[in-house]
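J.: Relying on the hints, combine the two individually framed chains into one complex.
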Amino acid sequence: SQQGEEDPQALSIQEGENATMNCSYKTSINNLQWYRQNSGRGLVHLILIRSNEREKHSGRLRVTLDTSKKSSSLLITASRAADTASYFCATGRTNAGKSTFGDGTTLTVKP
Amino acid sequence: GAVVSQHPSWVICKSGTSVKIECRSLDFQATTMFWYRQFPKQSLMLMATSNEGSKATYEQGVEKDKFLINHASLTLSTLTVTSAHPEDSSFYICSARDGREKKDEQYFGPGTRLTVT
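Protein sequence lines, in the order shown, are assigned to chains E and Y.
Counting from 1, one number per residue, gives the positions in the first sequence under this note's numbering.
Counting from 1, one number per residue, gives the positions in the second sequence under this note's numbering.
Hints listed in this document are in silico derivations from the structure and should not be mistaken for laboratory results.
Take the hints with a grain of salt, since some may be wrong.
[As the list claims (entries may be wrong)] Listed below are the simulated PhoX-like cross-link pairs for lysine-lysine, each with C-alpha atoms no more than 20 Å apart in a straight line:
{"no.": "1", "chain 1": "E", "residue 1": "Lys98", "chain 2": "Y", "residue 2": "Lys64"}
{"no.": "2", "chain 1": "Y", "residue 1": "Lys20", "chain 2": "Y", "residue 2": "Lys55"}
{"no.": "3", "chain 1": "E", "residue 1": "Lys98", "chain 2": "E", "residue 2": "Lys70"}
{"no.": "4", "chain 1": "E", "residue 1": "Lys70", "chain 2": "E", "residue 2": "Lys26"}
{"no.": "5", "chain 1": "Y", "residue 1": "Lys64", "chain 2": "Y", "residue 2": "Lys20"}
{"no.": "6", "chain 1": "Y", "residue 1": "Lys55", "chain 2": "E", "residue 2": "Lys98"}
Excised from the complex, chain Y in its bound form (with noise of 0.2 Å):
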């Protein structure tokens, strides 16, 4: 089956530097990536869409210069949160359609927590 992956599962930085978080599909051609976010105990929430080679298309709310997303390839997807604070702390999850058919399954990957100090 499709597998996503994403590195690092979890990071720990001081507040106002940036963290960059890895999203590859391992066995498949992912022309579109979507990152998400979670709060505890509560539901995910899209932040972009990312198709490979143009730039990412923001959810209202998501500042983009803060939540830099970078589609260089059809297997790697990267959100780099800038200045972090610590109420960017999260789970931050991605997701990638298979490019080479016409699927409507999305791959999740494990995702990575993020903690600001």
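Just chain E, same shape as in the assembly (with noise of 0.2 Å):
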């Protein structure tokens, strides 16, 4: 079962604008890593923060992580018509070893 979920399942800005995208989880996580889907391309690797982390950055991205409210944000600033895409948040616990991922959010960001 999915045990990440993203809102908002949609998202439209304009650019320059600032997106932020929220992302909870159920069960207790090693790390939580962001990814960056372009529509019918493959997965591109964003930031990933680990549990004892509470945020990182990574250019015009910010991730943030609430290990008591079992959520994550990532923040993309001053946004471009480029970072069009849907975002997943995926969840990974080390005994695991797979992540779990989100539904995803759809950011468009018009030009």
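T.: Shown next as structure tokens:
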């Protein structure tokens, strides 16, 4: 069963605006990863945050993790039309090995 | 960085035939590989976990006789869709874990789009 749930399911913004996506999960995790997927293409790994980390940055991306609330957020600042894609969170548990994906957020950035 | 390749990137086959998809870790040894499938506008669903040299572990609801997985080496896992039907048309993605270090990251392949006519 899917553990991660992203919200919103769809987000439409203007170029230059910030986009925030949230991910909630149910069980304890070792890490959480965010991926991007352009339509019909494979996954692109964006960032991994471990359970003992609270915030991580990579370029225009900022990820936070709140293990007490079992939630994570992905912030894309100064969005571009090229950021249009689906974004998925995936939770990882060391003993389980596998990642479990959420349903994804479809982001549309209008030029 | 770690690279995972898949071959073919897309395939069209006739109903009733079998299709083999390869997943390779190019610059690391993958003791564990995972196979996912994704339907249009949906998330990735784990099909099975493949450990080198042993039988794959299938998720509930996935037919092991239909989706044959072989992980014969530390760099190659294959998924064979047997007697394919149109409902098997999907995007299949593999991922691999680096077995040399205790890393948590999975490295994903680019995916294979299967269309069964």
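J.: Each hint needs a verdict: does it hold in this structure or not?
T.: Hint-by-hint comparison with the structure:
no., hint, result
1, Lys98(E) with Lys64(Y), "holds, 18 Å"
2, Lys20(Y) with Lys55(Y), "holds, 17 Å"
3, Lys98(E) with Lys70(E), "holds, 18 Å"
4, Lys70(E) with Lys26(E), "holds, 7 Å"
5, Lys64(Y) with Lys20(Y), "holds, 14 Å"
6, Lys55(Y) with Lys98(E), "holds, 16 Å"
In terms of the numbered hints stated before, the structure departs from none.
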